[in-house]
Amino acid sequence: MSNPPFIQVNGLVKHFPLKAGLFSRSTEKVHAVNGVGFAIEKGQTHGLVGESGSGKTTTARLLLRVIEPDSGSFSFDGVPDVFQLAPAQLKKLRRQMQYIFQDPYASLNPKMQIRDIVTEPLRYAEGAKKLSSAQLNGIAEELLERVGLSGGDTGKYPHEFSGGQRQRISIARALSAKPSFIVCDEPVSSLDVSIQSQILNLLLDIQQATGISYLFIAHNLAVVFYLSDYVSVMYAGRIVEAGPSRVLSLRARHPYTKLLLDAMPGNRGAQREPTGDAGEPPNLIRLPAGCAFYSRCPRRGEQCAREVPALREVESSHFMACFEQG
Amino acid sequence: MAALLDVQNLSTRFNLVAHTVRAVEDVSFTLNENEILAIAGESGSGKSATILSILKLIQRPGEIDGSSRILFDGKDILRMSEPELNSLRGKSISMIFQEPSASFNPLFTVGAQIAEVLRAHLRLSKTESLCRAAEVLAQVHIPNARERARDFPFQLSGGMLQRAMIALALACGPRILLADEPTTALDPTTSMRILELLKEKTQGAGMSMIFVTHDLEILSGFAGRIMVMYAGRIFESGPACSVLEDPLHPYTKDLLAAVPRPGVFKDTGRLYSIQGRVPEAGNRPPGCAYHPRCSRATELCRTEEPALIQKNSSFVRCRLHV
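As you go down the protein sequences, you meet chains H and F in turn.
Residue 1 is where the first sequence starts when you use this note's numbering, and the numbers rise one by one after that.
Residue 1001 is where the second sequence starts when you use this note's numbering, and the numbers rise one by one after that.
Be aware that one or more of the hints could be misleading.
[Stated by the list, open to error] Per label pair, the in silico range of CB-to-CB distance:
1) H/Arg286 to F/Glu1128: 28 to 38 Å
2) F/Arg1270 to H/Gln135: 48 to 58 Å
3) F/Glu1128 to H/Ser295: 54 to 64 Å
4) F/Thr1184 to H/Tyr124: 34 to 44 Å
5) F/Lys1199 to H/Phe16: 52 to 62 Å
6) F/Glu1305 to H/Glu145: 50 to 60 Å
[Unchecked claim] Non-contacting residues of chain F with respect to chain H, defined by C-beta distances greater than 12 Å in every case (computed):
7) Ala1120
8) Gly1221
9) Asp1267
10) Glu1280
11) Pro1306
Everything labelled a hint here was simulated from the structure, so no lab data went into it.
By construction, the Cβ of each residue, glycine as well, lies at the ideal position given by its N, Cα and C atoms.
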């Protein structure tokens, strides 16, 4: 048997309890993530797509233990389960895993100089050597140049930069601790198309140079297909289809993936096999008993209302959760 | 036939202490009945300032140049009195915005906010207006419109709220709808349905629309004409199919090439990427504003600004086409 993958996530579950009032106990929960699993190899990109509310960001935040999962396991680079680590052990692992956020305006502290922003992971990382301010400045200059900014910008503040440049600063900050895994949570969704391609190319250059792995989250299918080796499509907290990027873009089989493909501007009106009512994602508090996509699915059957379809392999490394034979 | 809206030499600038920002420079275009005109460009290209000028919603330190004219049905909007403008805004010409949750007052129900517009413009009674509000919500395909009208904005999803905002804008049967990136904040599936809804409303209701976006791709099959703006100026305008399939200006070509397309993967090559960014409005380069980023710029582009010239059915502002 081959080596275990660099990252392996299994059975990830997170339900957020709803508080009805100060003293009342509520049994209702938001079923944000309902059993998600995937693997990422070293130097590869795993894409997560789905509409808002499908659980993409919750999944990412669970992996970095920003929030704690209800159940599930996450093995990372030989560590059998990151979820079982005590705080001290986790802190040591933190520099290996970094995060790039969607909103480059909210994710940089406006009162900090760029030098302090990009070296922050270094200064607080567990086990890091104490670095002098001259050393930190040198590192900051190097990082900025690596992401295509000027090394002379270290003394500036975030407001002096445009959205695209701020996203470069976020990337520099993520790179400072020399991580082996970066979660990119919609890093280009708020950028102009011209800037978007600059950032995507930068992410690819970095991956080629360092062999870093990405979990890349976006709702734009074209961007995810372009950047990822392997893509998982999420719906209502579950993965409904997963496969290599090329396979999924050419031979998607789940009706939900087809709906997403149909909504891509380049494809609009192209296939137009009925893809069902665009409708709305289901209520995550009271999930339907059967397939969560039931109410929107053009090919729903009787079984779909009663049972949740399991993820099964329909061709080599192409998985789908649907009763239809496709 | 005279155009429904005729914008002539529109210039809008913002007089700041340090410098003057020329947001819109000498922009002229027309909008015909039942037409969808798209204005495309990156942030800072002047597209939003253009449509805000149409409703004369530019406030100090902003200023619309005295020689500009915006003729709506032959009457110059820029020379209307405040009462005239108030009966125009939201009634004959209305507007929808990018962020629906920021456009509704969180303290009032969606239905009440639509009813308020109806009462202001159509002098309906309170009960009549609330009834009509539910009807207009139904017209934008909101299920259970009567109940949804009693919901507060936070109770609706992003897509539903965008529909409600469209209902609000269409409530008084406008002749022109100005749409400022109404689908940018939405999921692709929702965005597709909103575009379909907007198209349906222009075709059925005898309404024209100006649709502002930074995403040229979504315009295919949607807009009739596209106007590409850069640094406050029109760089290219023409029928949507020629702008999208056979663009004339290097900027338009670059914008289209920068988007990942179906069937393109990371191992097939890097995306085309436009270097640099839109120049700041207070600090534009001489000559053609795009020359520092243009791969085909010549010496002349650095010093002389090209004029907008006609080529077949399009207009283009580039020396390559002189």
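Outcome of the hint check:
no.	hint	result
1	H/Arg286 to F/Glu1128: 28 to 38 Å	37 Å, holds
2	F/Arg1270 to H/Gln135: 48 to 58 Å	34 Å, violated
3	F/Glu1128 to H/Ser295: 54 to 64 Å	35 Å, violated
4	F/Thr1184 to H/Tyr124: 34 to 44 Å	35 Å, holds
5	F/Lys1199 to H/Phe16: 52 to 62 Å	38 Å, violated
6	F/Glu1305 to H/Glu145: 50 to 60 Å	34 Å, violated
7	Ala1120	31 Å, holds
8	Gly1221	6 Å, violated
9	Asp1267	9 Å, violated
10	Glu1280	9 Å, violated
11	Pro1306	21 Å, holds
Of the numbered hints listed earlier, those contradicted by the structure are 2, 3, 5, 6, 8, 9 and 10.
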